[in-house]
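Q: Given next are the chains, with one letter for each unit.
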Amino acid sequence: MKTFNYHTPKDVKEASKLASTSSAFLAGGMTTIPSIKLGLATYKDIIDIKSIKKLSGIKVSGKSVTIGATTKHAEVAASKEVQKTIPALAKLAGNIGDAQVRNRGTIGGSISNNDPSACYPSACMALNAVIHTNSRKIPAEKFFTGMFETALKKGELVEAVEFQVPEKADYQKHPNPASRYAIIGVFVAKHKKEVNVAVTGAKSCVYIDKDLSKKLSSSFSSSVIEGMKVDDSEMNSDMHASSEYRANLVSLYAKKAVEAC
Amino acid sequence: MTKVTLEVNGKKVSKDVADHTLLSVFLRDNLNLTGTHVGCDTSQCGACVVHVNGKSIKSCSTLAADIDGSKVTTIEGLAKDGKLHPMQEAFKKTHGLQCGFCTPGMVMSAVDLLQTKKNPSEQEIREWLEGNICRCTGYQNIVAAVKDASTKM
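Here the protein sequences line up with chains A and B, keeping their order.
When the letters of the first sequence are read in order and numbered with our numbering, they come out as residues 1 to 261.
When the letters of the second sequence are read in order and numbered with our numbering, they come out as residues 1001 to 1153.
No wet-lab data here; the hints were simulated from the structure.
Just so you know, not all the hints are guaranteed correct.
List of simulated lysine-lysine pairs, PhoX-like, C-alpha gap at most 20 angstroms [said to hold, decoys possible]:
{"id": "1", "chain 1": "A", "residue 1": "Lys50", "chain 2": "B", "residue 2": "Lys1071"}
{"id": "2", "chain 1": "A", "residue 1": "Lys59", "chain 2": "A", "residue 2": "Lys44"}
{"id": "3", "chain 1": "B", "residue 1": "Lys1118", "chain 2": "B", "residue 2": "Lys1152"}
{"id": "4", "chain 1": "A", "residue 1": "Lys214", "chain 2": "A", "residue 2": "Lys229"}
{"id": "5", "chain 1": "B", "residue 1": "Lys1117", "chain 2": "A", "residue 2": "Lys91"}
{"id": "6", "chain 1": "A", "residue 1": "Lys54", "chain 2": "A", "residue 2": "Lys2"}
{"id": "7", "chain 1": "B", "residue 1": "Lys1003", "chain 2": "A", "residue 2": "Lys10"}
{"id": "8", "chain 1": "B", "residue 1": "Lys1003", "chain 2": "A", "residue 2": "Lys50"}
{"id": "9", "chain 1": "B", "residue 1": "Lys1092", "chain 2": "B", "residue 2": "Lys1080"}
{"id": "10", "chain 1": "B", "residue 1": "Lys1055", "chain 2": "B", "residue 2": "Lys1093"}
{"id": "11", "chain 1": "B", "residue 1": "Lys1093", "chain 2": "B", "residue 2": "Lys1080"}
{"id": "12", "chain 1": "A", "residue 1": "Lys50", "chain 2": "B", "residue 2": "Lys1055"}
{"id": "13", "chain 1": "A", "residue 1": "Lys168", "chain 2": "A", "residue 2": "Lys192"}
{"id": "14", "chain 1": "A", "residue 1": "Lys168", "chain 2": "A", "residue 2": "Lys190"}
{"id": "15", "chain 1": "B", "residue 1": "Lys1055", "chain 2": "B", "residue 2": "Lys1011"}
{"id": "16", "chain 1": "A", "residue 1": "Lys80", "chain 2": "B", "residue 2": "Lys1118"}
{"id": "17", "chain 1": "B", "residue 1": "Lys1152", "chain 2": "B", "residue 2": "Lys1092"}
{"id": "18", "chain 1": "A", "residue 1": "Lys44", "chain 2": "A", "residue 2": "Lys192"}
{"id": "19", "chain 1": "A", "residue 1": "Lys154", "chain 2": "A", "residue 2": "Lys17"}
{"id": "20", "chain 1": "B", "residue 1": "Lys1117", "chain 2": "A", "residue 2": "Lys80"}
Take the sequences, apply the hints, and build the full model.
A: Here's what the structure looks like:
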């Protein structure tokens, strides 16, 4: 493993100051550490933000659930408040990776990495999340900009994610049996005025399926999307699933999610 | 270099190590606690599972410096006064191991499960052990061992 300098800043300001073009913020490290070990990434400085207290914790108000960046998946899954207000979000967190990954991995790390198969980005998109950073608030649809890419600038770090509480929601995932990453993950959220169907694992970046969302906005019933064909032209095709198969799963899992709502 | 102070299996240890030292390396190379195994080294297989402040984690993907000040329990810390931990007993009784390489991680992970869930179903045991791979494919008896231990812990 390539060497680096390890820093533990006490506040966000100090963390941001330490950042450079050859640094990375470290939270749970469930992607960062294996990436360094495999030689996929090298950094001069690793800036561990876990000792910054204000970045961790869950706050629930009537209309929103705000989760601190370094809050672990296991904490979100076990949170009685999240289970009560957005059960689909607790369920999603409880099915990420395996138990040990959930004991370390964080929401801020997951969305900052923006893996095209990660679960959390779909929840952010469907639940109209606002990403709070140390300098601004970014709506989810502007945050996830491409494969492993986000709107974050140098020195900018995610402080918290604010989710809008929906009327109903569910997340359905077809996991890769080895890694538990989503071959397809569909997050359906019914809000007062609209329905959002967010899809992860299918393309190079999480997205809202406009056709499915529109159909379900007009009538929130699985029958309206029964057998609906989803365009596979931009979908991933790999050893785990062809693009046609993924497209079929998107439609099928959207239906499953609506039925589970 | 960074100074890492931990309480490992009830004993306080303090070492100066390179910043990028992994917990698995710290335990095996610096403390000679070789019961924690490194299998895949990419956090897939779970042979390296230890407890940090009571929770199971993968030591091959955690920096030693990152958990400075924590309490760590490894497989060597389970038996007390020469008496095996009930989970170790159960693995022995049900023949929950073949080559034994994955066993330390399996045992540590399973102990954490029973801390969180008193009487898990077979399904719950299998789901919890998703992060632990047995290349001998001896899952049947591993699950039987956890089930057996759950009646005694």
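Q: Each hint needs a verdict: does it hold in this structure or not?
A: The hints, checked one at a time:
A distance of roughly 17 angstroms separates the Cα atoms of Lys50 (chain A) and Lys1071 (chain B); the hinted pair therefore holds under the 20 angstroms criterion. Distance check on the hinted pair: Lys59 (chain A) and Lys44 (chain A) sit about 35 angstroms apart at the alpha-carbon level, beyond 20 angstroms; violated. Distance check on the hinted pair: Lys1118 (chain B) and Lys1152 (chain B) sit about 10 angstroms apart at the alpha-carbon level, within 20 angstroms; holds. Straight-line distance between C-alpha atoms of Lys214 (chain A) and Lys229 (chain A) comes to about 14 angstroms, which keeps the hinted pair within the 20 angstroms bound.
Taken as a hint, the Lys1117 (chain B) and Lys91 (chain A) pair is honoured in the structure, with Cα atoms around 17 angstroms apart against an allowance of 20 angstroms. The straight-line distance between the Cα atoms of Lys54 (chain A) and Lys2 (chain A) is roughly 31 angstroms, outside the 20 angstroms bound, and the hint therefore fails. Pair hint Lys1003 (chain B) plus Lys10 (chain A) holds up; C-alpha atoms about 17 angstroms apart against a cutoff of 20 angstroms. At most 20 angstroms may separate the alpha-carbon atoms for a hinted pair to count; Lys1003 (chain B) and Lys50 (chain A) meet this at roughly 18 angstroms.
Distance restraint check for Lys1092 (chain B) and Lys1080 (chain B): the Cα-Cα separation of roughly 16 angstroms lies within the 20 angstroms cut-off, and the hinted pair is therefore satisfied. With a CA separation close to 25 angstroms, the supplied pair Lys1055 (chain B) and Lys1093 (chain B) exceeds the 20 angstroms bound. For the proposed pair Lys1093 (chain B) and Lys1080 (chain B), the alpha carbon gap of about 18 angstroms is at most 20 angstroms, so the pair holds. Restraint check: the Cα-Cα separation between Lys50 (chain A) and Lys1055 (chain B) comes to about 17 angstroms, which is no more than 20 angstroms; the hinted pair holds.
Annotation: proposed proximity of Lys168 (chain A) to Lys192 (chain A) holds, straight-line Cα distance about 10 angstroms (limit 20 angstroms). Proximity of Lys168 (chain A) to Lys190 (chain A) is assessed by CA-CA distance (about 5 angstroms); at most 20 angstroms being required, the pair is judged to hold. Of the supplied pair hints, the one linking Lys1055 (chain B) and Lys1011 (chain B) holds, its CA atoms being roughly 18 angstroms apart against a limit of 20 angstroms. Of the supplied pair hints, the one linking Lys80 (chain A) and Lys1118 (chain B) holds, its CA atoms being roughly 19 angstroms apart against a limit of 20 angstroms.
The hinted pair formed by Lys1152 (chain B) and Lys1092 (chain B) meets the criterion: a straight-line CA distance of about 14 angstroms does not exceed 20 angstroms. At most 20 angstroms may separate the alpha-carbon atoms for a hinted pair to count; Lys44 (chain A) and Lys192 (chain A) exceed this at roughly 47 angstroms. Restraint check: the Cα-Cα separation between Lys154 (chain A) and Lys17 (chain A) comes to about 10 angstroms, which is no more than 20 angstroms; the hinted pair holds. For the hint linking Lys1117 (chain B) to Lys80 (chain A), the alpha-carbon distance of about 16 angstroms falls within 20 angstroms, and the restraint holds.
Of the numbered hints stated above, those contradicted by the structure are hints 2, 6, 10 and 18, listed in ascending order.
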